[in-house]
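Using the sequences and the hints, build the whole thing.
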Amino acid sequence: MSKPIQQKPALRRFHQASWDEPIIFELSQPGQRGILLPEVEEEIINEVGDVTASLPDPIRRKTPPRLPEMSQIHVLRHYARLSQENLGVDLNIDVGQGTCTMKYSPKVNDQLARSPKMTELHPLQDQSTVQGILEIMYRLEQMLKEISGMDRFSLQPGAGSAAIYANVAIVRAYHASRGESNQRDEVITTIFSHPSNAACARTAGYKVITLYPDEDGYPDLGALKAAISERTAALMITNPEDTGIFNPRIEEFVRIVHEAGGLCSYDQANANGILGITRAREAGFDLCHFNLHKTFSTPHGCGGPAAGACGVTSDLAPFLPKPTVEFDGQKYFLDYDRPQSIGKIRPFYGVAQNLLKAYAWIMSLGAEGLREVAEVAVLNNNYLMKKVLEIRGASAPYAKGKRRIEQVRYSWEQLSEDTGVHSEEIGYRAADFGTHYWTSHHPFIVPEPMTLEPTESYSKADLDEYVAILQKIAEEAYSDPDIVQTAPHNSTVHHIEQEPFDNPLEWAVTWRAYKRKARKE
Amino acid sequence: MKEKKTVYPYIPNSAPVAKEEMLKEANAANIDEFYADIPENLRLNRPLSLPKPLLSESELVRHVDGLLEKNTSTREYLSFLGAGCWQHHVPSVCDEINSRGEFLTAYAGEPYEDHGRFQALFEYESMMGELLNMEVVNVPNYDGFQAAATALRMAARITGRSRVLIAASVSADKLSMIRNYLMPDMHVELVPYEPTTGLMDLAALKTRLSGQDAAVLFENPSYLGLIETQADQIAAAAHTHGALCVVSVDPISLGVINPPVEYGGDIACGDIQPLGIHMLYGGGHGGFIGTIDEERLVMEYPSRLFGVAPTIVDGEFGFGDVAYERTSFALREMGKEWVGTAAALWGITAGVYLALMGPQGMTEIGEGIMQRARYAMKKIARIPGITIPFESTPHFKEFVVNFDRTGKTVSAVNRALLNQGIFGGKDLSGEFPKLGQSGLFSVTEVHTQHDIDRLVTTLEEVVR
Chain F
1 MSKPIQQKPA LRRFHQASWD EPIIFELSQP GQRGILLPEV EEEIINEVGD VTASLPDPIR
61 RKTPPRLPEM SQIHVLRHYA RLSQENLGVD LNIDVGQGTC TMKYSPKVND QLARSPKMTE
121 LHPLQDQSTV QGILEIMYRL EQMLKEISGM DRFSLQPGAG SAAIYANVAI VRAYHASRGE
181 SNQRDEVITT IFSHPSNAAC ARTAGYKVIT LYPDEDGYPD LGALKAAISE RTAALMITNP
241 EDTGIFNPRI EEFVRIVHEA GGLCSYDQAN ANGILGITRA REAGFDLCHF NLHKTFSTPH
301 GCGGPAAGAC GVTSDLAPFL PKPTVEFDGQ KYFLDYDRPQ SIGKIRPFYG VAQNLLKAYA
361 WIMSLGAEGL REVAEVAVLN NNYLMKKVLE IRGASAPYAK GKRRIEQVRY SWEQLSEDTG
421 VHSEEIGYRA ADFGTHYWTS HHPFIVPEPM TLEPTESYSK ADLDEYVAIL QKIAEEAYSD
481 PDIVQTAPHN STVHHIEQEP FDNPLEWAVT WRAYKRKARK E
Chain D
1 MKEKKTVYPY IPNSAPVAKE EMLKEANAAN IDEFYADIPE NLRLNRPLSL PKPLLSESEL
61 VRHVDGLLEK NTSTREYLSF LGAGCWQHHV PSVCDEINSR GEFLTAYAGE PYEDHGRFQA
121 LFEYESMMGE LLNMEVVNVP NYDGFQAAAT ALRMAARITG RSRVLIAASV SADKLSMIRN
181 YLMPDMHVEL VPYEPTTGLM DLAALKTRLS GQDAAVLFEN PSYLGLIETQ ADQIAAAAHT
241 HGALCVVSVD PISLGVINPP VEYGGDIACG DIQPLGIHML YGGGHGGFIG TIDEERLVME
301 YPSRLFGVAP TIVDGEFGFG DVAYERTSFA LREMGKEWVG TAAALWGITA GVYLALMGPQ
361 GMTEIGEGIM QRARYAMKKI ARIPGITIPF ESTPHFKEFV VNFDRTGKTV SAVNRALLNQ
421 GIFGGKDLSG EFPKLGQSGL FSVTEVHTQH DIDRLVTTLE EVVR
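Residue numbers (this note's numbering), protein chains in the order written: chain F, 1 to 521; chain D, 1 to 464.
These aren't lab readings, by the way, just hints derived from the structure by calculation. Take the hints with a grain of salt, since some may be wrong.
[To be verified] Within a straight-line C-alpha distance of at most 27 Å, the following computed DSS-like cross-link-like pairs (lysine-lysine) qualify:
no., chain 1, residue 1, chain 2, residue 2
1, D, K4, F, K460
2, D, K70, F, K402
3, D, K19, D, K5
4, D, K70, F, K107
5, F, K207, D, K24
6, F, K8, D, K5
[To be verified] Taking CB as the label site, the calculated pair distances span:
no., chain 1, residue 1, chain 2, residue 2, range
7, F, G179, D, L202, 35 to 45 Å
8, F, E424, D, S429, 55 to 65 Å
9, F, L36, D, G421, 33 to 43 Å
Just so you know, these numbers come straight off a predicted model, no measurement behind them. The beta carbon of each residue, even a glycine, is placed where N, CA and C say it ideally should be.
Structural data, given as structure tokens:
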């Protein structure tokens, strides 16, 4: 008789799929087809003749693009295999991608958005035929208004950074309308706000002033006072910041900027822990934005399509992107008659299918449910912090002994000093256990950083498993650092040479470039 | 009666037992302790005023389906709408792949645990590179508007100049986005189109071009569906003055129309929505930018560029970010413009599409669209009172239909078509007043001869 199957070991014996899949061009078989097209009817051909002959020589393509030639199942199989070499929220305990709010994206919402009554809508259809989607957008705006306290929203931005850009464009239009655009040429942000706050402001023509944290990790009030002037156009700030620390003096920050005539724009990328707890309105903000793919659950899609939402006070509402979605008591309609609008920031009206998903998600939770989201996300985070800080070599800089909101930026400085193992290497080793891991945005203000954001989607057992993985890697760093520093071992691929990516003679962004440079074809 | 506490299926620790245990382990008496830094006066201290939730999945489905039921889709009505978003067939395999949870719910992992995403996007770049005959293509940015605007900013950085010339046949929306994006340090001047051909007025271009121009931007095909047959001359004129030639193209045309690099284009850009992505009421856009592989060009991309490199194991492909130290992720405001979450899944989807179509599919679809569009133009032009401006110019997919001599407005025509279950072309009368009462009609591979004939017959009745 065989032995009874033993209990699983404490740590998962993970190995990622490794199909050793060629580059798709290598799968090409001459003459094969992945899909056929409807034939053009004979009568059409007889009527029009050879249309491409009307193209002058420089404009007509003579050789077909050298795309792979593959049967349908071979295309499907190739991509199905690649998908197995990828970790979505559906598969892993995705607490390691801090600031990204990796929560469960409910399947029912994806299914609803796959309705042909969503996918097959053309954005220029007569508005009488799109009342359903317009109503969803209108209702979503009403809900976001209540959640933030702001007066109007635009759902047009494609994601968070586009929303930040829209907000800085609104700031610029507002000051221009008051004849102050030349005078107000500075935007203030903090180093623990997303890089796009600084980068969008700079692209929009502003000089950027970045505030660093004070000793306790809070944005430095003294530094703000030193930076503020009649040149200040706006403060663009996250709260809680990427450290998970909530700035308790935020109202004072806002007041100081307002007194100098500037506007305050709230990057609410980190809103997951404060839904129903505190709002942009109460802190006095003029603008805010949400990432609907983070806080409001729409899937991240490997990096988009996502959805962003810009909220403003009534004073700034005239500057919102156009069109807005309005309701006249009988029908929903798109309002283009907005002379002060910054105009378009993307084609049409937004990532409509994700607006639908965000709407459905809020509708499935309601006010009490949203608060539960926030409270459990914060509970999970503080539980995780307690456990992580018990690991040798880990710390949470700033605000010692204080709680965090929904995420924490940790430091492995001690571990690194003791063992020579760097945070990135811990991340590569974490892949061996089937998880993501993220350090921090650049520059690394926190030395050897690690940012974890557990959201509401994970159970105690999930968090314990993640902690056990970190614990194991930390032990390895002290006892056998080589195993960490040569990781990953159980992943799809092994250590990747980094030099080619920064060498113009070697880098290859396409297969044709690779063949020319590396294979000398 | 004690109120029942909801346990939410999406929130494992909403179960009271789990919550109690977690609190205890975290040494907290209650959740409120975690919010100690939030001042009392900033607390909401009341429940949000939101609609009553639909806690069960079945209620939710019923509610959202009920809303969607109010829409009438292009599956139900016959549509000739285009103007920046097009009805093409979406192969089933495209949806199958982009619905897989491994891709759909992933985000920003490293090239090890997210190898599949990196390879799929590298392959997307590579297949777009074949379509464009260019060695560098970015991981998708948001949409074709942003791709064009960024291409112009890249041109400005490369040339050190600040003015751009844009063909005046561009859509009002695209121009609005570009103008907003180039503010305040760049400015836009329009080059008129020639009234009989609809193509760029070459003489006007040459008069305007000067040593202060960073770029000339035109679309090929244009917003109005016209193939810019003078493309090589425009590029040459731009180059004479040291300006770059930026061309916005429809990628689905590139099986039959030469890609920009073949006629002097320096930067190609456009939108990948036609490549296997549903219209989604405007939610299906993704932008691409392509150039040749020169460091001075590559270093000006704001987007991520995924590249291939060896691993320590023979025969293994590894992937990573090429020249990451130019992005705002690396350098904040000192990076090139800004980068964030945009449209990666649509890039993967477009890659699947191009692999399915292959060289022959891309050639056939381009030819077929040109034939069908030309057939529709010819038939519509025979309707008394209706004219096709720019009829003699080669077209791709879209064309302008003018109703001036019918005495009817486009909106009246479209209302009448709608009553017959047809979405007519986009009303251009606001955007291009010079074109009078004109609509922009789009014909693709999804339209049969019968569909086109039905449009023609219905139009005949409507304008009679």
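Hint-by-hint comparison with the structure:
This hinted pair checks out: K4/D and K460/F have alpha carbons roughly 23 Å apart, not beyond 27 Å. Restraint check: the Cα-Cα separation between K70/D and K402/F comes to about 51 Å, which exceeds 27 Å; the hinted pair is violated. A threshold of 27 Å between alpha carbons decides the hint, and for K19/D with K5/D the separation of about 13 Å falls inside it, so the pair holds. Between K70/D and K107/F the alpha-carbon distance is near 22 Å, which keeps this suggested pair within the 27 Å criterion.
With a C-alpha separation of about 48 Å, the suggested pairing of K207/F with K24/D is violated against the 27 Å cut-off. At most 27 Å may separate the alpha-carbon atoms for a hinted pair to count; K8/F and K5/D exceed this at roughly 34 Å. For G179/F and L202/D, the Cβ-Cβ distance of about 40 Å falls inside the hinted range of 35 to 45 Å, so the restraint holds. Remark: the range hint 55 to 65 Å for E424/F to S429/D is upheld by a beta-carbon distance near 58 Å.
Restraint check, L36/F to G421/D: a C-beta distance of roughly 28 Å breaks the suggested window 33 to 43 Å.
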